[in-house]
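**Q** Between the sequences and the hints, there should be enough to build the whole structure, so can you do that?
Quick mapping for you: the protein sequence lines, in order, are chains A and B.
The numbering of the first sequence is my numbering, which starts it at 23 and goes up by one.
The numbering of the second sequence is my numbering, which starts it at 378 and goes up by one.
Quick caveat, the hints were computed from the structure, so don't treat them as lab data.
Please note that the accuracy of each hint is not assured.
As the list claims (entries may be wrong) - List time: in silico DSS-like cross-link candidates among lysine-lysine, alpha-carbon distance up to 27 Å:
1. 433/B / 94/A
2. 437/B / 94/A
3. 385/B / 437/B
4. 433/B / 385/B
5. 94/A / 385/B
Said to hold, decoys possible - Partner residues are not named here, just some residues of chain B that face chain A (Cβ under 10 Å, in silico):
6. 399
7. 444
8. 504
9. 506
10. 507
11. 527
Said to hold, decoys possible - Chain A side only, calculated, beta carbon under 8 Å to chain B, not exhaustive:
12. 45
13. 79
14. 80
15. 101
Quick reminder that beta carbons are idealized off the backbone N, C-alpha and C, glycines included.
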Amino acid sequence: MSIADDSGPEPGSDEMIAAEYVLGVLPAAERQAATRRIEAEPDFARLVDQWEARLSPMAAAYPAAEPPASVKAAIDGRLFAGNRVQARGVSWWSSLALWRGLAIASLAALALYIAVPYLSPQAEVSAERYVASLAPTGSDVHYFVVYDARSQDVGLSHVTGARPEGRDFELWVIERSNPPQSLGVIPVGQSVHLDVADAVRNKIEAGAQLAISLEPAGGSPTGQPTGPVVAAGDLNSI
Amino acid sequence: MTPQDITKLIVRTSMGDRAAFDLLYRQTSAKLFGVCLRVLNDRAEAEEALQEVFVKIWTKADRFAVSELSPISWLVAIARNHSIDRIRSRRPPAVDVDAALDIADPTAGPEAMAVASGESERVHRCLEELEPDRAAAVRGAYMSGESYVELAARHGVPLNTMRTWLRRSLMKLRECLER
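**A** Next comes the structure, spelled out in structure tokens:
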């Protein structure tokens, strides 16, 4: 060992922590901290993924070993023993006939984040949820929307289509021939949320259409859409 | 099963498709059990871990869509990280030197071949550029989930030296892989 060996490369950097996490050498407390960051910080999660990809060829050396049949039985018992747990898997997904037309890969992207709360065992299927696939209208902008009436929360999953530099996407609810009402500027991100004001809530639950328009940064200055509608779709209760 | 087939099974699993989940289990459980066994070095605990791993796969299958990993690497990462979390929470840490020294097994199953693409040769070539004891430490850490403390004890070096070894080795590896 030389003296130079005493100084490591940026020991506390995210890059280093991600690498050490993947290698598996971190003590319990630091591993737990890293696990929490993977959940909360997409940039850190990406670093971890990159290290998993770099080191994964070494995993070829793990010899396969057949587990006893009791393991699968125990897994099924944990996951599917209660009727309620089984029911949510079937009714939630099978009711979404519109999904079937979508390519399987984009389905996975759509399901991302949005599905997580519904897949957790404590979540129950509710009629107070609405979904909409906001398909491109002369653009490549595609969002998937889930509205939860109980929490008055609109969850948006970004499928495709980047917003132009210095512009924003604004989400509108349109009920029959009434003027569109803004739900707000859609935050940048893969999976984002908007709160719904009480006034708009009834419109959504009456079975409205959602549309996304291209607006100046910060949203429409007039309170009505000023730019082109880039994506639109109907809300369906599920 | 090709990686594409496994991808489809994971996506269908994310949609609550139990038949796909069953098939995914049949196709990948031996590989993932091998990972749990190797890291945990205890059959009963590995069986318990494998249950938890597949419960995670069922509930988190949708996350695969945003991962940059190949499907089998994604599954192995879940099994590996879960098993390492388990040994880290053990008190006191078990050190099985023999198991840790016995590294590569050339008789990897067909699922393993999905991991071992052209990338595999590259990472092994890059490991060979490291000093032999450091490459062994990297392999031991990855394969067996050994902690810095265990690695330092096994290689007979101070903890800080082991940290430095591995951090430098990781950066050299990255540099070599990106060359």
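**Q** Take the hints in turn and mark each one as holding or not.
**A** Consistency of the hints with the structure:
no.	hint	verdict
1	433/B / 94/A	14 Å, holds
2	437/B / 94/A	18 Å, holds
3	385/B / 437/B	15 Å, holds
4	433/B / 385/B	17 Å, holds
5	94/A / 385/B	20 Å, holds
6	399	8 Å, holds
7	444	6 Å, holds
8	504	8 Å, holds
9	506	14 Å, violated
10	507	13 Å, violated
11	527	9 Å, holds
12	45	5 Å, holds
13	79	4 Å, holds
14	80	5 Å, holds
15	101	6 Å, holds
Checked against the numbered hints given earlier, the structure breaks hints 9 and 10 and satisfies all the rest.
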